[in-house]
Structures are given as structure tokens and as C-alpha cells.
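Engineer: Guided by the hints, dock chain B onto chain A, whose structure is given.
So the sequences go chain by chain: A and B.
Numbering of the first sequence is given in this note's numbering, commencing with residue 1 and proceeding in unit increments.
Numbering of the second sequence is given in this note's numbering, commencing with residue 151 and proceeding in unit increments.
Treat the hints loosely; a few may be bogus.
To be verified - Straight-line Cα separation of at most 16 angstroms, EDC-like style, residue types lysine to aspartate or glutamate; simulated pairs:
#1 Lys-227/B to Glu-295/B
#2 Lys-194/B to Asp-146/A
#3 Lys-80/A to Glu-114/A
#4 Lys-194/B to Glu-24/A
#5 Lys-208/B to Glu-260/B
#6 Lys-194/B to Asp-129/A
#7 Lys-160/B to Asp-129/A
#8 Lys-148/A to Asp-38/A
#9 Lys-208/B to Glu-114/A
#10 Lys-194/B to Glu-114/A
Hints are computed from structural coordinates only; laboratory data are not their basis.
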Amino acid sequence: MSKNTRNTAFRKVDVDQYGEEVYEEDQTADEGATGPSDAEVQSMLAKGRNGDALQYVLTNAPLTSKNQGVKDKAAQTVLKVLMSLKANEIEGSLKGLDQAKQDTLMKYIYRGFENPSEGSSAQLLVWHDKLFAVTGVGSIVRVLTDRKRV
Amino acid sequence: MSTTLQPYLKAVRQTLTAAICVENFSSQVVERHNKPEVEVRTSKELLLTPVTISRNDKEKVLIEGSINSLRISIAIKQADEIEKILCHKFMRFMMMRAENFIILRRKPVEGYDISFLVTNFHTEQMFKHKLVDFIIHFMEEIDKEISEMKLAVNSRARISAEEFLKRF
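This is chain B alone, in the form it adopts within the complex:
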């Protein structure tokens, strides 16, 4: 199963490199406004075909592009109840601090665990290849962190149960 990780990340990286070509485009509907078209979705001609890359039926990435913005949604592998809770809490922690993350979206897209929104303003200030590197790195680290947290939860539970039951 882990043999699909590298090809999966490679495919995501290649697709992101293609989709992250965004440029400034003011709103056609409201004058003097500049909105990320992938979020507003009023003009069909500005939206690109949304593309999914999946590693299996539980892990996938949805990439929706448009002329001035890109939305990346990630579905993270959650094998059991405890991973589900950990993942949910971890994502919630990050999404509450979305402003400091800059490219993070406060709510994940329906069906996914976390979403990023990259606009032309972000690509003007930051390197595109570094943004792509960041997202790939994020995808790699998330699985590791959740496994670590799960181990920590289990060992803590075991130790505290032992201590408690010593009294009996």
C-alpha cells in the first residue's frame, strides 16, 4: 500500500504545478471588486475542469482551478474511530488559525477533511514551486502526525489505566 504513496504525491505535485498558473482578474459582475472565482463560481467561462487524484477510495485530492484562484481539498486516511477524532480535532485546530496559515480555508469542501485556497495574490508574493512543495509536504506529514498522536493517546490511556487499577 505504501508503494502508491510516492506515485500519488508525484501525480498531485504535477497536477498542482499545472493548475497553480493563476493571474489577476477583477470581478466581471461587480465593479471594482476582486474575488477568487473558484469560490464565487458565477461565471462558467472562468472555471477550469475540476480534477481528482485518488490513492484508494479513502484518500483523494480534489483540485479545482479558475483564472485567479485554486482550491485544493484533501481527504485524509482515517482507518478507525480514534483516527477520525484525532484528524477532525487536528484539522479544526488548524482551520481556526487559518488567517496565520494564509492559504488555508476555514471550512473544508464537502466530502473532504481540509481545503486550501491559493489566489493570484498569494502566488505574487510567494514562489509557486514552494507553495506546491508545502502542500505535498503537508500531505506527507499529516499521516505521520496522526499516527504519532494515536500512539501517544494509546500509551497515555494504558499508563493511566494501569495506575488507576493498581489500587484494586
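Looking at chain A on its own, in the form it has when it is part of the complex:
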């Protein structure tokens, strides 16, 4: 018989990927989303405009970007802003947030929990508590189910 019948490579093919109903993550990635600029945030924090800094980082959160480096950098910036706000200022800054920003903030709080450093978890727990008082369980559910990870 001809030689090609000995080729058993067909056994290694993953046929499941060719099924019609295979779920594919949303491929459209917004390459323009570069996240908040560090310099901008630094200047706002230096001037003491902590509430504005929070608004800025949440508006420019790189949710649609596929670049992990961009997301990591943004997460660090947000963590810096969250640490800088004192306990009594937190409630005030939460008042100005709409639902989308509250969900993004909740995502960043959980992201911050993943890399605990000196005293960061204690502060994040306070943030979590105050934000939960405003939003309720809904925002946690949206964090769990949203495909756009922070």
C-alpha cells in the first residue's frame, strides 16, 4: 500500500475545536486603551486632589486591552490612588461614581487583594466595606461574571 496510510498524525488532531458551538472569547481588542497616565495621577495626588485622581483612573481603566503589561501597570496605579485616600475621604469619593465606575473599582479592589503588601489589605478591606454599602451584592456579581477582566 502507499506510504501515507502509515501516517497516524490524524489521531492527535483536536476535533472539538472545529465544532460549530465552540465558545470563543470576544476577539475585538481595543489596542488604543493604554490606561491612565502615571504622570497625570502623580500630579493629582501631589496636589491632594485624591477624589479626582480616583475618577481619572477609573475612567481610563484598560478593560478592553489584551496587553497584560498595560493592565498590570494600571492596577498598580489604581492601588496607589486607593492607598492614598484616607478612611474619612473614601465615602465622599464614592458619591461621585456611577455604576460602571463602581464595578470597575470593585474589580480593582479584588485585583489589589491578589498582591498583598504592607497594610494594603487592611485598607482594601475598608474600601470593600464602604463600596459594598453603596452598591450591594450586585456589584460583586458583576465582577464575577464580567468577561472584561481588569
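Structural biologist: Frame of chain A; chain B shown alone:
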């Protein structure tokens, strides 16, 4: 440090209440099978974002959800060698009897000390808020029990050493 305990448990409770919403979902891959999707992990669309809540770098809880099941992994504070051994033995004792515990997993997830697996069948038979209460209570009691055991070990060691050395 203990001032973070209550907020920590509160945050875990709130996250668990949100994540424990599971419903029945048969396997999409194998017909007539029903598997906890958080363990099988074959279909990405059925899995929720895993979420961590940490009190410090030693104590944290990982909550991984899916459509029909929830996996909760707890990393317990172990300050010194003796606590490590006690914790390990205690967890092993419980995990060997996982069948009677119902929601306990026989092996902890990598990086954690103990894991629970709650499926839709469990939530159908038991109250969700009671399951959450149980896990929070468990987290509170574990630290107390390990401290108690450590004290007991130390006092026993002291007494037996005293008795032994009286002969010399």
C-alpha cells in the same frame, strides 16, 4: 492585626453570598453526565472570574465560581513550625473524612490549606445562607483551635520534660 478580622470575614461573607448562586447544568461535553464545572474546567464560558480576598500575605481566601459549582480555598495563618505541623495534621484529619463533611474537598487547591466544593445539589438540599455561615464560622474557629492545640502541646511537653528531668 485583629482589627482586620471582622472586615475580612465580612468581605468573604459578601463575596460568598454573591458567588453561591449556582444552578443545575448538565455536562455539555459528555451526554447524560453532570459534573461540577469548576473542577472540570473544559468550557471557558461556564467559569466565573476567580476572586481573592486577603487579610495579609499569609491569610487569604480564593473563591472560584462556575455555573453549577463553587470552590472555596482557604490559606490559614501559620506563624511558626509547630502551627504548620498542627494545621497540616488537623486539615488532613478532616480531609480524610471529607465524605461526612459533604462540602469538603479531599485535596486542597495548590497554595492553600483546605478547600470546599459546593455544588447545586448541595444548595438544593441546604440553605445557602447557612452554608455561608458555616464557612465563616469555620474560618473563625480554625485559628482558635490551632492556638488551643499549640498551648496543649506546649504544656504537655513542659510537664513531661519536668517529670523526666526530676530523675536527674
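Engineer: Run every hint past the structure and note whether it holds.
Structural biologist: The hints, checked one at a time:
The suggested pairing of Lys-227/B with Glu-295/B holds, with an alpha-carbon distance near 12 angstroms, which does not exceed 16 angstroms. Between Lys-194/B and Asp-146/A the alpha-carbon distance is near 13 angstroms, which keeps this suggested pair within the 16 angstroms criterion. Simply put, Lys-80/A and Glu-114/A have alpha-carbon atoms about 15 angstroms apart, close enough for the 16 angstroms limit, and the pair holds. Annotation: proposed proximity of Lys-194/B to Glu-24/A holds, straight-line Cα distance about 9 angstroms (limit 16 angstroms).
Using a Cα cut-off of 16 angstroms, the hinted pair Lys-208/B and Glu-260/B holds, with the two alpha carbons roughly 14 angstroms apart. With a C-alpha separation of about 30 angstroms, the suggested pair Lys-194/B and Asp-129/A falls outside the 16 angstroms cut-off, and the hint is violated. Note on Lys-160/B and Asp-129/A: the hinted pairing holds, with a Cα-Cα distance of about 8 angstroms set against a maximum of 16 angstroms. About 22 angstroms separates the Cα atoms of Lys-148/A and Asp-38/A, which puts this hinted pair outside 16 angstroms; it is violated.
For the proposed pair Lys-208/B and Glu-114/A, the alpha carbon gap of about 12 angstroms is at most 16 angstroms, so the pair holds. As the CA atoms of Lys-194/B and Glu-114/A are separated by approximately 21 angstroms, the hinted pair breaks the 16 angstroms bound.
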